[in-house]
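Put together the whole structure using the sequences plus the hints.
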Amino acid sequence: MLRRLLPHPLLTPALALIWLLLVNRFTLGHIVLGLFLSWLIPLFTLRFWPEAVRIQRPLTLMRFIAVVLYDIVVANLIVARRILGRPEALRPAFVSVPLDLKSDLAISLLANTICLTPGTLSARLAQDRTHLLVHGLHVPDPAQLVADIKQRYEAPLKEVFEC
Amino acid sequence: MLDYLLSFLILTGAVFTLIGSLGLARLRDFYTRLHGPTKATTLGVGSLLIASALYFSTRGAGLSLHEVLVTLFLFITAPVSAHLLAKAALHLRLKSLAKPPEEEGGEA
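Heads up: the protein sequence lines correspond to chains A and B, in order. Quick note: the first sequence, position 89, residue 186 per the numbering used here, numbers continuous. Quick note: the second sequence, position 51, residue 333 per the numbering used here, numbers continuous.
A hint or two may mislead.
The calculated label-pair distances, taken between Cβ atoms and stated as ranges, are [stated by the list, open to error]:
1. L304/B / G126/A: 45 to 53 angstroms
2. A307/B / L114/A: 38 to 46 angstroms
3. P382/B / A111/A: 34 to 42 angstroms
4. L354/B / W136/A: 34 to 42 angstroms
5. A307/B / G126/A: 46 to 54 angstroms
6. S339/B / P239/A: 40 to 48 angstroms
7. S363/B / R183/A: 27 to 35 angstroms
8. R160/A / K377/B: 16 to 24 angstroms
Covered stretches of chain A, going by a simulated chain B footprint (3 or more residues, C-beta under 8 angstroms) [stated by the list, open to error]:
9. 115-129
10. 240-254
Everything labelled a hint here was simulated from the structure, so no lab data went into it. Built from N, CA and C at the ideal position, the CB exists for glycine as well.
What follows is the structure, encoded as structure tokens:
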């Protein structure tokens with residue numbers, strides 16, 4: 098019953114929050130309207146998105162977000178220095194990262210994270226979804242890059258969305 | 283005090299956006315050039331938006347947080363466009379400084 102009424106238990110609060118941010122006013126009227134809309138919208142879009150997102154370990158997710166934000170800042174500084182330095186000395190490379198993740202959402206989040214953290218860019222997902230091709234701006238050691246991505250980003254994502 | 287913080291954030295944002303664009307001019311092949319703009323949107327636009335949220339929350343009427351949404355949508359869309367550009371470039375086999383990866387079997 099509850100599942101019929103609330104097919105995406107996480108989408109509803111997220112949409113309500115986005116509504117409040119969109120109107121940029123935090124009054125009772127808008128909270129009620131936002132909750133109503135965010136209850137209605139998942140029901141109407143159910144056919145496009147049948148599977149509910151389940152988050153296993155919220156704390157791991159929090160830590161993952163913090164790690165990514167920190168990496169964005171640090172890596173931005175590094176890339177900025179590389180751009181201002183000698184572009185000739187850069188050693189760009191394509192690196193193929195083997196994937197342990199299975200679910201679509203987790204893989205897209207990983208690809209997204211790789212693009213957000215400067216210096217790496219996800220370029221292509223292999224058709225059988227076993228490898229993600231990553232382009233690195235400066236890769237002295239491809240094995241190290243793969244290990245970093247797997248340990249820093251993939252492992253927490255796997256914990257949160259799979260297992 | 284707040285003014286200093288705001289100016290610091292705006293300057294940081296501007297500097298990183300500038301460096302991101304400089305990357306477009308200085309880097310030498312399509313793939314490395316792609317790195318420039320993705321950087322500018324993360325830290326550069328990020329700190330500009332924090333500055334905007336702080337300014338309008340303290341000077342304007344009430345809390346102003348829709349900058350959070352701008353950040354959220356940027357963080358969702360920028361990587362997707364970068365990924366698609368890289369994918370298209372691979373498909374067209376653009377000249378690359380890095381050793382291009384071997385083709386995978388079968389058409390996409």
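- Task: Establish whether the coverage given for the segment 240-254 of chain A by chain B is satisfied; the threshold is a Cβ-Cβ distance below 8 angstroms, and no fewer than three residues must meet it.
- Result: This one is violated; 0 residues, fewer than the three required, reach chain B with a Cβ under 8 angstroms.
- Taking the CB of S363/B and the CB of R183/A, does the distance hold inside 27 to 35 angstroms? holds (28 angstroms)
- Item | L304/B versus G126/A beta-carbon gap, inside 45 to 53 angstroms or not | holds (47 angstroms)
- Message: For the hint 34 to 42 angstroms, verify it against the beta carbon of P382/B and that of A111/A.
- Response: Holds - the Cβ-Cβ distance for P382/B and A111/A, about 40 angstroms, lies within 34 to 42 angstroms.
- Per the hint of 34 to 42 angstroms, is the separation of the Cβ atoms of L354/B and W136/A within bounds? Violated, at about 21 angstroms.
- Verdict for S339/B, P239/A (Cβ pair) under range 40 to 48 angstroms: Roughly 45 angstroms apart at Cβ, these two residues keep to the hinted range, so it holds.
- Range agreement (Cβ of G126/A with Cβ of A307/B, hint 46 to 54 angstroms): Given a distance of about 50 angstroms, which is inside 46 to 54 angstroms, the answer is holds.
- For the pair A307/B and L114/A, does the Cβ-Cβ distance stay inside 38 to 46 angstroms? With Cβ atoms ~40 angstroms apart, the hint holds.
- So the hint says 16 to 24 angstroms: do the beta-carbon atoms of R160/A and K377/B match that? Hint violated: Cβ distance 41 angstroms, outside 16 to 24 angstroms.
- Item | Within 8 angstroms of chain B's CB atoms, at least three CB atoms from the segment 115-129 of chain A: coverage verdict | holds (count 6)
Checked against the numbered hints above, the structure breaks hints 4, 8, 10 and satisfies the rest.
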